[in-house]
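Undergrad: The primary structure of each chain is shown beneath.
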Amino acid sequence: MASPNSVSPPPAIPAGLSVEQLLDLYYYMRLTRSLEERLVALYRQAKVVGGLFRSLGQEADAVGSAYAIDQDKGDILSPLIRNLGSMLVCGATPVEVLRQYMAKAESPTHGRDLNIHYGTPQQGFIGQISHLGDMVPVMGGIALSFKMRGEDRVALVYVGDGAMSTGTFHEGINFAAVQRLPLVVIAENNGYAFSTPTAKQSAVKHLTDKAAAYGIPSVRADGNDVLAVYEVTRRAVDRARSGEGVTLIELETYRRKGHAEHDDQSYQSAEEMERWEADDPIDRYIRQLTTSGWSTPAALADIDRRIADELAAAVALVEPEAGPGAGTALSGVCLDPPEAEREWYDRG
Amino acid sequence: MPEVTYLEAIRQGMWEEMERDENVFILGEDVGAYGGAFKVTDGFLERFGAQRVIDTPISEAAIVGAAAGAAHMGLRPIAEMQFIDFISCAYDMLTNYVATARYRAGLPTPMVVRGPSGGYVRGGPFHSQNPEAAFLHTPGLKIVCPATARDAKGLIKAAVRDEDPVLYFEHKYLYRRIKEDLPADEEILTPIGKARLAREGHDLTIVTWSAMVFKALEAAEQLASEDGLSVEVIDLRTLLPMDDQAIMASVRKTNRVLIAHEDTRTGGVAGEITARINNDAFEFLDAPVKRVAAHDVPLPYAPALEDFVLPQTDDLVAAARWLAAY
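Residue numbers (the numbering used here), protein chains in the order written: chain A, 10 to 357; chain B, 905 to 1230.
Isolated chain A (complex conformation) (with noise of 0.2 Å):
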C-alpha cells in the first residue's frame, strides 16, 4: 500500500506554462463549447437570426493558438468562422457574441454583420469576411505596418483547408514571405470545406507542403492537443518577433458539426465522426491535467459551475435587448458625409 510520501510528484508542465495558466486553457476551450450550446438552443427557440457555426471538436486548435500570442505586446490576430474560441482568448466576451448572432443593437457590429464577424486592432482581433482567404493579405498589411514601425509585434492569420485554394491566400502568403513580415498563417485542416473534403481542394499531402512554393518553414501539430498546439504557434510566433518572418502551421483536427446548423452531413461517415469524437480535445484535455496531477476533476467542475453562471447572466441580459431601429442603417458609409441619401419612399 503507497503512503502519500510516495506519490510521485506531478510531471513538468510543458512548453513553459503555470497551472494558472492550464486552467485559463481548459476555461477558453469550456467556454467556446458551453457558449455555442447556449446558441444552439437559442437558434432552436429562432432567436438566434441567421445562420449558426458550431466549432465542436475543434476547441484545442482555437484556443491553444491564440494564447500563444501575446496581447500585451499588441499581438492582432485575425479569426474564421470556427475560432470562437482564439477571440475568447483575446477578450471577446459572451455578452458579445450574444449580441451579435441575435443581432441587438448594441452588438459590436449595432446589426451590421452576422456571428462572430467583428473585432478591431484595439481589441486584439479584427473581425473576417466571408470571403475566404481575403484576410492573408490584410493580416500581411497590418504586420506591415507594425515592421514599418519597428515595433515588437506579430499578427496572426487564421486559415482553412478550404481558404488555401484561394488567390487571396495565395498572393497575401507570397507577399507576407517576400517582405519577410512578422506574420504566422495557420491552415486549420478540419477536413471538410462545407461539404468538400480536403482531397478535393488540394493534391498535396500535407497542407504544409505549400509552405516549399513560398520559401517559409512550417510545422503541422495535432489539433485536439491544446499543449501541443500552444507550444507550435509559440514557437513561430517569437520566430516572427524576432524578424525571421512567416511560418506556415498545419492543425489537423476534424470539424464535427456541420457547415452549419442546417447542414445534415450527410456527406460525413458515422465511423469517421465516432473516431474523432474519441478524440474530443476538451475530454482528453480534462485527463491530461487529471492524471498529471495539474488539477483535479472538483477544482474543473469549479470552472464549469463558473462559465454555467456567467453565460446564465449573458443570456439574461441580452435576450431582451432590442435590435437596431431601421432608420440607424444608413449612416457610417463614410466619414463625410456622415449619413447616405434618403429616397422619398423612405418618408412614406
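No wet-lab data here; the hints were simulated from the structure. Watch out, some of these pointers could steer you wrong.
No more than 25 Å apart at the CA atoms, straight line, and that leaves these computed lysine to any residue pairs for SDA-like [said to hold, decoys possible]:
| hint | chain 1 | residue 1 | chain 2 | residue 2 |
| --- | --- | --- | --- | --- |
| 1 | A | K156 | B | E1091 |
| 2 | A | K156 | B | Y938 |
| 3 | A | K156 | B | D934 |
| 4 | A | K156 | B | E1067 |
| 5 | A | K156 | B | R924 |
| 6 | A | K156 | B | P961 |
| 7 | A | K156 | B | L949 |
| 8 | A | K56 | B | R1008 |
| 9 | A | K209 | A | S278 |
| 10 | A | K209 | A | Y223 |
| 11 | A | K156 | B | E950 |
| 12 | A | K156 | B | G978 |
| 13 | A | K156 | B | L1121 |
Position chain B against the provided structure of chain A, taking the given hints into account.
TA: Chain B only, in chain A's frame:
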C-alpha cells in the same frame, strides 16, 4: 513660373504628402527601383527609402489587402495599379473588404488606389480601360478622375488626407499633354465631391470628366463659332460622391444636357446621372438627356478601330446640335 505636366502634378502631390506625413507610403509593382511604369514615382525610393516605397509581387489583391491592413493601423497607403485595367484583379478586396470595413465593423480604411486609366493611346483591350462604373455601384468607396494638372495634384493630396478609401483614376493620355503653371509655394487641395465649371454657357450643358473634358471644350468652341451656341461644360472631377448640386444648377440654367464619357455606354455612369436629373430637375428639361459614350465593345487596338469606338469631338458636336434643335 514652371510648367507642370499632369504627371508631374500627381508626382508633386504624392511627394508633398509623403514629406508632410510619415504615415504615407507607396506600394505597387515596379514603383521603387524603376520609378513606376510611367515614372510617376521616379525618385521616391531614393528620397523616402524602401520602407516607404515598396516594390510588390504581381499581386493586386495582396497590394490592396495589405494597404487596407496598414490603413487600419493608422498608415496612409497609396497603392499603385500599374495600369488601372488590373484593378479588376483586386475587385473582391476593394468591394467586399475595403468598401465595407467602416460600415460593418467600424474599421477606418484611409487609403488610395491609383493608376493610369483611359484610351486614345493604342493600348488595346487591357491597357485602356475606364473602370469607374464598376465601382460607382459600391457604397463605401470614393472615385476621383482629375482632368487638369491642378486637380491632379489637388485631388491626390485630398485623397491621401481623406479618412475613407479613394480610387484615383488618372488619364494616361493627359500625362504629358497637359501643362499648367502650378506655383510651387501654393498648397493645392481639391475638395472631393465638388465639380468644376470648366466653361460657362447658357444654351446647353455637357457633363463630363477626365480626358473627355478637353473634347467637350473643343466641341464647345466649335459650336460657338459655327452655330453660335453657348455651351456650358461641367467637369465632375469626383464621381462618388457625385456633385448633384452642380449638375442640377446647370440643368436649371441651360435646360438641355449632354453627358459624355469615354467608358462604354451600357451600365455607364451617364445612366446614373440621367436618373438623378430625372429625379431632381425633370421639369427644367426642354429635351431628353442625351449621352455620348464608347460603343459597347472591348476597346480594340488598331487606330481606325479605336478611333471609331471611342467618342470623338465630332460625336459631341453632333449630339449637341441634336439637343439644341430638339
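Undergrad: In ascending order, which of the hints set out earlier in this document are inconsistent with the structure?
TA: Hints 1 and 13 contradicted; others consistent.
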